[in-house]
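Here the protein sequences line up with chains S and X, keeping their order.
Just so we're aligned, residue 376 is where the first sequence starts under our numbering, counting upward by one.
Just so we're aligned, residue 376 is where the second sequence starts under our numbering, counting upward by one.
I should point out that these hints are in silico values taken from the structure, not numbers from a laboratory.
Treat the hints loosely; a few may be bogus.
Stated by the list, open to error - With a straight-line cut-off of 25 Å between C-alpha atoms, the simulated DSS-like cross-links for lysine-lysine are:
| hint | chain 1 | residue 1 | chain 2 | residue 2 |
| --- | --- | --- | --- | --- |
| 1 | X | Lys-379 | S | Lys-560 |
| 2 | X | Lys-666 | S | Lys-522 |
| 3 | X | Lys-644 | X | Lys-699 |
| 4 | X | Lys-379 | X | Lys-494 |
| 5 | X | Lys-656 | X | Lys-699 |
| 6 | S | Lys-699 | S | Lys-656 |
| 7 | S | Lys-666 | S | Lys-705 |
| 8 | S | Lys-656 | S | Lys-644 |
| 9 | X | Lys-381 | X | Lys-442 |
| 10 | S | Lys-644 | X | Lys-666 |
| 11 | X | Lys-516 | S | Lys-701 |
| 12 | S | Lys-699 | S | Lys-666 |
| 13 | S | Lys-701 | S | Lys-644 |
| 14 | X | Lys-516 | S | Lys-699 |
| 15 | X | Lys-705 | X | Lys-656 |
| 16 | X | Lys-560 | X | Lys-644 |
| 17 | S | Lys-381 | S | Lys-522 |
| 18 | S | Lys-666 | X | Lys-522 |
| 19 | S | Lys-379 | X | Lys-560 |
| 20 | X | Lys-448 | X | Lys-522 |
| 21 | S | Lys-699 | X | Lys-522 |
| 22 | S | Lys-448 | S | Lys-379 |
| 23 | X | Lys-516 | X | Lys-487 |
| 24 | X | Lys-522 | X | Lys-560 |
| 25 | X | Lys-381 | X | Lys-494 |
| 26 | X | Lys-644 | S | Lys-442 |
| 27 | X | Lys-666 | X | Lys-705 |
| 28 | S | Lys-705 | S | Lys-656 |
| 29 | X | Lys-663 | X | Lys-448 |
| 30 | S | Lys-656 | S | Lys-666 |
| 31 | X | Lys-656 | X | Lys-644 |
| 32 | S | Lys-516 | X | Lys-699 |
| 33 | X | Lys-699 | S | Lys-522 |
| 34 | S | Lys-663 | S | Lys-644 |
| 35 | X | Lys-560 | S | Lys-560 |
| 36 | X | Lys-701 | S | Lys-516 |
2 protein chains.
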Amino acid sequence: MRRKTKQIMIGSVAIGSDAPIAVQSMTNTDTRDVDATVNQIHLLEEAGCDLVRVAVVDREAGLALSKIKAQIKIPLVADIHFDYRLALLAIEQGVDKLRINPGNIGSRDRVKAIVTEAKNSRIPIRVGANAGSLAGWALEKYGHTPKALVESALEQIRILEDLDFDEIVVSLKSSSIPFTIEAYKMIAQEVDYPLHVGITEAGTPWFGSIKSAAGIGALLVSGIGDTIRVSLTGDPVEEIKVGWAILKSLELRSRGPVFISCPTCGRTKIDLERIATEVEKRLSHLTKPLKIAVMGCEVNGPGEARDADLGIAGGSGVGLIFRKGKIIRKVREEELVDALVNEALELEQRL
Amino acid sequence: MRRKTKQIMIGSVAIGSDAPIAVQSMTNTDTRDVDATVNQIHLLEEAGCDLVRVAVVDREAGLALSKIKAQIKIPLVADIHFDYRLALLAIEQGVDKLRINPGNIGSRDRVKAIVTEAKNSRIPIRVGANAGSLAGWALEKYGHTPKALVESALEQIRILEDLDFDEIVVSLKSSSIPFTIEAYKMIAQEVDYPLHVGITEAGTPWFGSIKSAAGIGALLVSGIGDTIRVSLTGDPVEEIKVGWAILKSLELRSRGPVFISCPTCGRTKIDLERIATEVEKRLSHLTKPLKIAVMGCEVNGPGEARDADLGIAGGSGVGLIFRKGKIIRKVREEELVDALVNEALELEQRL
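Kindly produce the complete structure, drawing on both the sequences and the hints.
Put into structure tokens, the structure is as follows:
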């Protein structure tokens, strides 16, 4: 059961409560380079990114925000450290959300100035804590523990709440999955704000994808998580693809085809890996949900994949095309991929 | 908290209770081809496979088992469908475990013959059910539901228990993660046998790895799972690598280095993806546990990765080498990877 939360709006995208779990990423271009940043955001949009964050390191980057926003479709989030003037500038430039920790920007007046403008412009704020940069007092009181991470985040939340601001999203980041899970479970008991979940510094695309899937997956299965960020060292487009793969696997959202294919075994007589990879590639541009099975075995394949909208099962030299468990026709092995792809394209048209 | 189970031995490998969660795979060679099968098992062993299963499709494959077993180090599991004579032959040939469903092999006498020989040879049996081939009565009574999957497996378990056999491992396979999780949670309440977990027909190496990590990860985090099988369409060695990546991410077992690296952002001034991927590759042969960080930012890097045994943080043209959060020295960017790799090799020697 998904945890009940307050729902907040980031531009036109709702986060929390029963809204779809949003997939997000962060650009790794220089934000001051408007063209490069917009180009990357367009690729992210195409891959299914629901909202995008950019780093605002100085006034020039802040001034680029309105130009970037004018050229993209998805909500834009400004990531700001320490400097309250950049936060005010970002709001003025029309961003849809701020990522800033009010505890790091100095006097109450500065925080109040940001909160006032955020309220006027109906912009939510994400606050959070990172296990690598815990509040000193929390570290002293609780040690390097999930509790210290939660208390560090609660401190930020309370600063905003004291100013009567509650359009808040919360994140708790750590590179340890058990640490992260414990912290999110704890904060889910404390506040009803939507939670941004992810495993930070997850690593290279291969290891980081597996680690993110395990950590984010476990949280989502326990009902926690309203927007997800997969952090990989590399192209942010890959982060979006992995994010979608996680949501699709868990049957929380659908986008384009889902593929199932059996592990090959001593009984497999066709080159299943090549066939499955080719089918996945040739149908990856589809956006309607279709369940497609690539099975090695004529005897068990159609039955084991009876819930697939479409599937193939290979035998020796010949294969079967089946739909919802029923065999449609037999084709020669070398025509199997083409036949399946054509059936899928036709089916997509009819949906 | 990990679920308490009965512990069973598969050869010298303990499964269940407080034994390490075993990583397993299945060969996709023709079992009758002893050389090819042994070669593949050697690669699996090298990658960290704890036990391996082979398909036994006929008498010739059955007769190959003792030859295969003589040449490998890890326990050998025979996967048999329907034919009780192959099961008896496999036991005679010295396998360490059988995967067979007693409900599929006919008369009680045949089942009794297998159980008697398994007892004599102290060989456990894995039974289970697959959502794609549910027992007819269960399907009729419960529909295509997790409950039907659990009842199908319980039927197999009861056949063995009635013959006073309890050296049992249980699996419940489905290609749907929510379906799988519900079924495992249900059966965990019913029996105390160790559970073999996995998501079947997970797909191509990319999607299948993410799906397996999300599904197996969620189960392990909830304390369920004593041995894991990642099912990918392709090379079984990849299944073992992904299995280990899941266990390492969840901090359930350690083997070789664990890498963390930050997502690049607008602040990153070095080619972090190249550096991280190169470090991962050059240190992948190490087997002692080391936590290695590759961070983009000199200011936050050493602090955020303070629990890393060793790390680098890149700046512009120059980088830092740090250990447990303390900076050891500065090096030029082009020497960063070599310097880190050398430090790691030295550290591995001293451990």
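For Lys-705 of chain X and Lys-656 of chain X, compute the direct alpha-carbon distance and say whether it is at most 25 Å.
23 Å, holds
Hint check: Lys-701 of chain X vs Lys-516 of chain S, CA-CA at most 25 Å. Holds or violated?
23 Å, holds
Are the Cα atoms of Lys-560 of chain X and Lys-644 of chain X separated by 25 Å or less?
Violated, at about 47 Å.
For the pair we were handed, Lys-560 of chain X and Lys-560 of chain S, check the Cα-Cα distance against 25 Å.
20 Å, holds
Decide if the proposed pair is consistent with the structure: Lys-663 of chain X and Lys-448 of chain X, CA atoms, cutoff 25 Å inclusive.
20 Å, holds
Can you confirm whether the C-alpha distance between Lys-379 of chain X and Lys-494 of chain X stays at or below 25 Å?
This hinted pair holds, its Cα atoms lying about 24 Å apart.
Hint consistency between Lys-381 of chain X and Lys-494 of chain X [alpha-carbon to alpha-carbon, up to 25 Å]:
17 Å, holds
Holds or violated: Lys-381 of chain X with Lys-442 of chain X, Cα cutoff 25 Å?
Judged against 25 Å, a Cα distance of about 31 Å means the pair is violated.
Please work out if Lys-516 of chain X and Lys-699 of chain S have their alpha carbons no farther apart than 25 Å.
Measuring from Cα to Cα gives roughly 21 Å; hence the hint holds.
Would the pair Lys-663 of chain S and Lys-644 of chain S pass a check requiring their Cα atoms to be no farther apart than 25 Å?
Given that 25 Å is the threshold and the Cα spacing comes to 31 Å, the pair is violated.
For a C-alpha distance cap of 25 Å, please report whether Lys-379 of chain S and Lys-560 of chain X respect it.
The hint holds at about 23 Å.
With a cut-off of 25 Å on the C-alpha distance, tell me whether Lys-666 of chain X and Lys-522 of chain S pass.
At roughly 23 Å apart (the allowed maximum being 25 Å), Lys-522 of chain S and Lys-666 of chain X satisfy the hint.
The structure fails to meet hints 9, 10, 16, 20, 22, 23, 34 from the earlier list, while all remaining hints are met.
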